[in-house]
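Protein chains in written order, with the working numbering: chain P, 1 to 476; chain B, 1 to 476.
Do not take every clue at face value.
Heads up, the list lumps identical chains together, so a pair's fine if it works in one copy or across two of them.
[What the hints assert, rightly or not] With a straight-line Cα cutoff of 30 Å, these simulated DSS-like cross-link-like pairs (lysine-lysine) come out:
| hint | residue 1 | residue 2 |
| --- | --- | --- |
| 1 | Lys-198 | Lys-425 |
| 2 | Lys-435 | Lys-326 |
| 3 | Lys-425 | Lys-35 |
| 4 | Lys-193 | Lys-375 |
| 5 | Lys-37 | Lys-4 |
| 6 | Lys-193 | Lys-468 |
| 7 | Lys-37 | Lys-204 |
| 8 | Lys-4 | Lys-428 |
| 9 | Lys-194 | Lys-468 |
| 10 | Lys-326 | Lys-13 |
| 11 | Lys-204 | Lys-5 |
| 12 | Lys-33 | Lys-198 |
| 13 | Lys-5 | Lys-194 |
| 14 | Lys-364 | Lys-5 |
| 15 | Lys-37 | Lys-439 |
| 16 | Lys-198 | Lys-13 |
| 17 | Lys-194 | Lys-35 |
| 18 | Lys-4 | Lys-204 |
| 19 | Lys-37 | Lys-307 |
| 20 | Lys-307 | Lys-194 |
| 21 | Lys-375 | Lys-4 |
| 22 | Lys-307 | Lys-193 |
| 23 | Lys-193 | Lys-425 |
| 24 | Lys-468 | Lys-198 |
| 25 | Lys-375 | Lys-35 |
Just so you know, the hints here were simulated from the structure itself, not pulled from any lab data.
There are 2 protein chains.
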Amino acid sequence: MLEKKHFQRDATKVMEWIDDYFAQLESLPVKSKVKPKAIYEQIPAAPPESSEDLDQILQDLSEVIVPGITHWQHPNFHAYFPANSSLESVLAEFITAAIGAQCMIWDTSPAAAELEERVMEWLRDAMGLPANFEGVIQDTASSATLVAILTAREVKTDFRANEDGVPNNLRVYCSTETHSSIEKAVGISGIGKKNLVKIPVDEKMRLRADLLEARIREDLENGLVPCCVVAAIGTTGTVAVDPLPELAAICEQYGVWLHVDAAYAGTALLLPEYQWMIEGIDRADSFVFNPHKWMFTNFDCTAYFVKDVDVLIRAFEVLPEYLKTKSRGLVNDYRDWGIPLGRRFRALKLWFVIRSFGMEGLRKKLRHHIALNEKFAAAIGEHPEFELVIPPFLNYCAFRWVPQNETDEARLNACNEQLLDTINKSGKLFLSHTKIGGKYVLRMVIGQTYVEERHVLQALEILREATKMVPLGRPN
Amino acid sequence: MLEKKHFQRDATKVMEWIDDYFAQLESLPVKSKVKPKAIYEQIPAAPPESSEDLDQILQDLSEVIVPGITHWQHPNFHAYFPANSSLESVLAEFITAAIGAQCMIWDTSPAAAELEERVMEWLRDAMGLPANFEGVIQDTASSATLVAILTAREVKTDFRANEDGVPNNLRVYCSTETHSSIEKAVGISGIGKKNLVKIPVDEKMRLRADLLEARIREDLENGLVPCCVVAAIGTTGTVAVDPLPELAAICEQYGVWLHVDAAYAGTALLLPEYQWMIEGIDRADSFVFNPHKWMFTNFDCTAYFVKDVDVLIRAFEVLPEYLKTKSRGLVNDYRDWGIPLGRRFRALKLWFVIRSFGMEGLRKKLRHHIALNEKFAAAIGEHPEFELVIPPFLNYCAFRWVPQNETDEARLNACNEQLLDTINKSGKLFLSHTKIGGKYVLRMVIGQTYVEERHVLQALEILREATKMVPLGRPN
Ligand SMILES: Cc1ncc(COP(=O)(O)O)c(C=O)c1O
Ligand SMILES: Cc1ncc(COP(=O)(O)O)c(C=O)c1O
Numbered sequence: 001m002l003e004k005k006h007f008q009r010d011a012t013k014v015m016e017w018i019d020d021y022f023a024q025l026e027s028l029p030v031k032s033k034v035k036p037k038a039i040y041e042q043i044p045a046a047p048p049e050s051s052e053d054l055d056q057i058l059q060d061l062s063e064v065i066v067p068g069i070t071h072w073q074h075p076n077f078h079a080y081f082p083a084n085s086s087l088e089s090v091l092a093e094f095i096t097a098a099i100g101a102q103c104m105i106w107d108t109s110p111a112a113a114e115l116e117e118r119v120m121e122w123l124r125d126a127m128g129l130p131a132n133f134e135g136v137i138q139d140t141a142s143s144a145t146l147v148a149i150l151t152a153r154e155v156k157t158d159f160r161a162n163e164d165g166v167p168n169n170l171r172v173y174c175s176t177e178t179h180s181s182i183e184k185a186v187g188i189s190g191i192g193k194k195n196l197v198k199i200p201v202d203e204k205m206r207l208r209a210d211l212l213e214a215r216i217r218e219d220l221e222n223g224l225v226p227c228c229v230v231a232a233i234g235t236t237g238t239v240a241v242d243p244l245p246e247l248a249a250i251c252e253q254y255g256v257w258l259h260v261d262a263a264y265a266g267t268a269l270l271l272p273e274y275q276w277m278i279e280g281i282d283r284a285d286s287f288v289f290n291p292h293k294w295m296f297t298n299f300d301c302t303a304y305f306v307k308d309v310d311v312l313i314r315a316f317e318v319l320p321e322y323l324k325t326k327s328r329g330l331v332n333d334y335r336d337w338g339i340p341l342g343r344r345f346r347a348l349k350l351w352f353v354i355r356s357f358g359m360e361g362l363r364k365k366l367r368h369h370i371a372l373n374e375k376f377a378a379a380i381g382e383h384p385e386f387e388l389v390i391p392p393f394l395n396y397c398a399f400r401w402v403p404q405n406e407t408d409e410a411r412l413n414a415c416n417e418q419l420l421d422t423i424n425k426s427g428k429l430f431l432s433h434t435k436i437g438g439k440y441v442l443r444m445v446i447g448q449t450y451v452e453e454r455h456v457l458q459a460l461e462i463l464r465e466a467t468k469m470v471p472l473g474r475p476n
Numbered sequence: 001m002l003e004k005k006h007f008q009r010d011a012t013k014v015m016e017w018i019d020d021y022f023a024q025l026e027s028l029p030v031k032s033k034v035k036p037k038a039i040y041e042q043i044p045a046a047p048p049e050s051s052e053d054l055d056q057i058l059q060d061l062s063e064v065i066v067p068g069i070t071h072w073q074h075p076n077f078h079a080y081f082p083a084n085s086s087l088e089s090v091l092a093e094f095i096t097a098a099i100g101a102q103c104m105i106w107d108t109s110p111a112a113a114e115l116e117e118r119v120m121e122w123l124r125d126a127m128g129l130p131a132n133f134e135g136v137i138q139d140t141a142s143s144a145t146l147v148a149i150l151t152a153r154e155v156k157t158d159f160r161a162n163e164d165g166v167p168n169n170l171r172v173y174c175s176t177e178t179h180s181s182i183e184k185a186v187g188i189s190g191i192g193k194k195n196l197v198k199i200p201v202d203e204k205m206r207l208r209a210d211l212l213e214a215r216i217r218e219d220l221e222n223g224l225v226p227c228c229v230v231a232a233i234g235t236t237g238t239v240a241v242d243p244l245p246e247l248a249a250i251c252e253q254y255g256v257w258l259h260v261d262a263a264y265a266g267t268a269l270l271l272p273e274y275q276w277m278i279e280g281i282d283r284a285d286s287f288v289f290n291p292h293k294w295m296f297t298n299f300d301c302t303a304y305f306v307k308d309v310d311v312l313i314r315a316f317e318v319l320p321e322y323l324k325t326k327s328r329g330l331v332n333d334y335r336d337w338g339i340p341l342g343r344r345f346r347a348l349k350l351w352f353v354i355r356s357f358g359m360e361g362l363r364k365k366l367r368h369h370i371a372l373n374e375k376f377a378a379a380i381g382e383h384p385e386f387e388l389v390i391p392p393f394l395n396y397c398a399f400r401w402v403p404q405n406e407t408d409e410a411r412l413n414a415c416n417e418q419l420l421d422t423i424n425k426s427g428k429l430f431l432s433h434t435k436i437g438g439k440y441v442l443r444m445v446i447g448q449t450y451v452e453e454r455h456v457l458q459a460l461e462i463l464r465e466a467t468k469m470v471p472l473g474r475p476n
């Protein structure tokens with residue numbers, strides 16, 4: 001068992017372990033190559049009776065655990081969206097753990113509540129969100145979207161849904177491209193997935209406002225109750241940006257809660273050149289983005305902003321005897337701003353990141369990533385055997401391999417699936433995929449905190465090499 | 001902005017800051033004394049444009065933030081239930097942050113999924129839970145209980161609630177003493193709080209099984225659908241233990257999901273002498289306890305166990321294109337075992353704690369806390385001006401001050417409220433309160449990882465001294 005008097009000695013061991021990990025990172029396979037159960041089998045079936053040594057645990061960490069890690073902080077990790085981190089954020093997490101405050105209400109750590117209030121204001125203002133929005137940290141965008149839908153549900157039922165249950169005629173709308181968390185939230189909330197209406201998208205994969213309005217009218221005629229529209233600023237598949245001004249006008253007209261999911265792309269709002277993405281945001285009701293995706297702040301850290309905090313609190317408040325405090329009403333008790341009661345001191349890492357990067361530093365990093373993506377996309381576009389399936393946007397690029405003479409779509413899909421598999425198995429690069437209009441497409445996202453141009457050039461090289469290893473693409 | 005090449009230098013600064021914090025901890029006021037907005041006002045309204053120095057940030061951390069922290073790891077923190085931590089857990093959190101893996105599915109870090117599977121098995125077996133239960137880490141007990149209720153909801157509606165919405169005749173039962181998270185969950189799930197039936201308790205604050213059964217029968221006669229019973233093993237107010245064998249028999253007979261909330265007291269199951277608390281658990285459907293309360297593992301870390309994993313997954317699964325993997329079906333994709341999609345690598349800290357403490361070390365700590373509580377309760381019981389309101393249990397003690405000659409209950413309540421206020425304002429001790437049969441009662445919980453006998457003796461001394469400072473208790 002560790003002792004406080006040896007904390008520095010023990011923490012130094014851990015720090016050195018981490019430094020080693022960072023040093024090795026680029027030489028490790030990005031995506032773990034282990035087989036199912038391979039790690040499990042190496043861990044004893046029973047816990048030790050007696051205390052084991054830190055050295056032994058760290059050795060097992062290196063030998064047993066690390067081979068089973070998919071290295072999300074590897075500069076060649078370009079899959080999904082990043083869950084990027086930074087040294088600042090890691091050190092802040094260390095402090096958060098050491099302080100170990102449980103920040104459910106203001107009283108249980110006033111500094112955590114008030115720092116959260118400030119950093120959320122910093123982000124709100126820096127991102128061009130309206131000054132009457134208030135922010136709160138949630139664990140994930142999935143939870144924040146659930147919170148938005150639950151709040152909309154309460155508003156539409158005159159705050160009776162929590163109490164009386166959910167009528168089965170509430171309707172939620174989003175595009176066919178929006179994230180699975182919306183479907184999950186509609187299920188959890190008891191609104192029912194059959195009441196989730198997926199509106200088709202235009203050729204740029206954006207929700208079609210005209211079809212949304214037609215659907216809302218139709219629903220109203222059928223006695224259904226339009227409750228919430230979820231607009232995506234940056235969809236998961238293709239980073240499409242839904243037309244906020246049109247959607248906001250419709251929501252206003254029909255009295256529907258407008259929630260904006262900018263989980264990934266929201267970070268780009270720190271750049272003035274992307275402010276156009278949220279034109280109309282002043283007429284939205286809530287907005288979510290993830291500093292834990294592309295803002296150098298460890299998972300989990302989601303920023304949720306809402307225009308009318310009173311309705312948010314009304315939708316979530318419970319006040320048992322043991323949580324009554326004298327400060328109630330004067331301060332923010334954030335446990336009433338979301339689902340879980342307990343809360344970690346997550347504002348600290350945002351404070352560290354924002355201060356140590358500075359707004360300038362943040363913008364510079366983002367622009368660097370966007371520039372790298374432009375370079376990557378240009379190279380893909382020029383290559384005879386690759387094609388950009390949609391134009392690159394932000395630090396995202398969707399492309400596919402088109403081996404010479406291949407025109408059969410099914411075979412093209414198979415080629416690309418095998419190509420992806422080959423690349424990911426190589427351990428040198430990790431990409432993920434999506435489907436666009438039936439086409440199996442590779443997604444490349446360049447959002448790693450410490451990614452450099454050489455990693456992107458390397459990615460191109462690996463891609464080219466990998467095509468040679470897919471027999472399907474070289475029929476003879 | 002920090003750089004990897006200086007990581008050791010920067011991490012050393014942070015480590016030294018933490019070591020200083022630990023060294024000072026006992027001299028800091030347990031409960032922060034700051035006034036609302038005092039911290040907020042000290043933080044600039046706008047973020048810095050340019051990068052700021054780590055030294056400056058750490059200095060502000062000490063000067064601006066620490067005074068606003070309520071020190072949950074302070075050995076004189078005896079309020080609520082602890083959110084205790086340990087050096088092992090803090091160092092593991094540091095590593096978790098550095099690795100920065102997002103563990104939503106097996107593919108995104110096999111080692112995280114498989115270590116989670118193993119440590120959950122360790123806990124299950126060590127706690128005497130049935131071998132056919134499977135475990136998963138959730139953020140909080142609140143979320144885990146929500147998950148249990150949502151699963152019960154799906155089962156009772158033949159897996160139609162997610163799809164069709166929630167019928168408004170599902171019923172959930174718990175005692176009048178159970179945690180507010182149940183009420184919150186019933187609201188969120190769309191079952192409706194009016195369908196939450198709070199069953200009265202016996203003189204030991206335990207749910208009355210006879211009344212539960214009568215209520216279930218009555219509901220059935222009225223066409224209502226009993227869906228879920230939540231039994232508490234250790235209620236929040238008084239650590240009461242509901243009669244599991246009777247409740248299990250009733251749930252079995254009427255086909256109701258039985259969820260067991262042992263959020264706090266569950267840890268005591270590591271001790272054979274407390275196994276009686278879960279007699280009948282083999283007939284329960286799900287069980288939750290918080291390593292982040294009394295098992296030396298940083299918040300957040302909740303262990304949720306469920307008998308039928310297939311129904312859990314059926315209740316939560318969503319499978320969009322971008323999350324399809326080849327390993328699907330062979331491995332555990334834990335994002336389908338709960339609400340959020342993204343997940344931190346939380347199994348690591350459990351692994352560190354269990355290995356470094358050893359089972360022996362864990363049991364020793366728990367017994368030490370229980371023994372300290374017995375000592376404390378004995379002293380309270382012997383003191384002429386204090387009374388134990390209920391018998392001490394585990395490391396929990398509920399008592400009140402009864403100034404000589406005072407018999408008026410309203411005035412006694414006021415005295416105790418003022419006493420609590422005086423103590424907590426002193427900064428030397430932090431307790432919280434509850435009400436038992438109309439009596440305002442102080443709760444003392446001795447669960448701090450590094451608490452020693454001297455802290456408990458000190459608490460007694462502070463209590464005695466504080467009574468002298470409450471004018472109401474000394475009328476003349
Ligand atoms: C558009 C969008 N919304 C929501 C999410 C879910 O984010 P989280 O993992 O924080 O729940 C994602 C994740 O990729 C996303 O891309
Ligand atoms: C019995 C009980 N259940 C649930 C909870 C909620 O725990 P969490 O903060 O992990 O949601 C508590 C917290 O004190 C509790 O005592």
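Here is what the structure says about each hint:
| no. | hint | verdict |
| --- | --- | --- |
| 1 | Lys-198 to Lys-425 | neither (35 Å within a copy, 55 Å between copies) |
| 2 | Lys-435 to Lys-326 | between (54 Å within a copy, 16 Å between copies) |
| 3 | Lys-425 to Lys-35 | within (12 Å within a copy, 56 Å between copies) |
| 4 | Lys-193 to Lys-375 | neither (41 Å within a copy, 56 Å between copies) |
| 5 | Lys-37 to Lys-4 | neither (36 Å within a copy, 34 Å between copies) |
| 6 | Lys-193 to Lys-468 | neither (44 Å within a copy, 61 Å between copies) |
| 7 | Lys-37 to Lys-204 | neither (42 Å within a copy, 46 Å between copies) |
| 8 | Lys-4 to Lys-428 | between (41 Å within a copy, 21 Å between copies) |
| 9 | Lys-194 to Lys-468 | neither (46 Å within a copy, 64 Å between copies) |
| 10 | Lys-326 to Lys-13 | neither (44 Å within a copy, 37 Å between copies) |
| 11 | Lys-204 to Lys-5 | neither (61 Å within a copy, 43 Å between copies) |
| 12 | Lys-33 to Lys-198 | neither (37 Å within a copy, 51 Å between copies) |
| 13 | Lys-5 to Lys-194 | neither (59 Å within a copy, 54 Å between copies) |
| 14 | Lys-364 to Lys-5 | between (42 Å within a copy, 20 Å between copies) |
| 15 | Lys-37 to Lys-439 | neither (33 Å within a copy, 54 Å between copies) |
| 16 | Lys-198 to Lys-13 | neither (52 Å within a copy, 52 Å between copies) |
| 17 | Lys-194 to Lys-35 | neither (38 Å within a copy, 49 Å between copies) |
| 18 | Lys-4 to Lys-204 | neither (58 Å within a copy, 40 Å between copies) |
| 19 | Lys-37 to Lys-307 | between (47 Å within a copy, 21 Å between copies) |
| 20 | Lys-307 to Lys-194 | both (28 Å within a copy, 29 Å between copies) |
| 21 | Lys-375 to Lys-4 | between (51 Å within a copy, 25 Å between copies) |
| 22 | Lys-307 to Lys-193 | both (26 Å within a copy, 26 Å between copies) |
| 23 | Lys-193 to Lys-425 | neither (36 Å within a copy, 50 Å between copies) |
| 24 | Lys-468 to Lys-198 | neither (40 Å within a copy, 67 Å between copies) |
| 25 | Lys-375 to Lys-35 | neither (35 Å within a copy, 53 Å between copies) |
Comparing the model with each earlier hint shows violations of hints 1, 4, 5, 6, 7, 9, 10, 11, 12, 13, 15, 16, 17, 18, 23, 24, 25; every other hint is respected.
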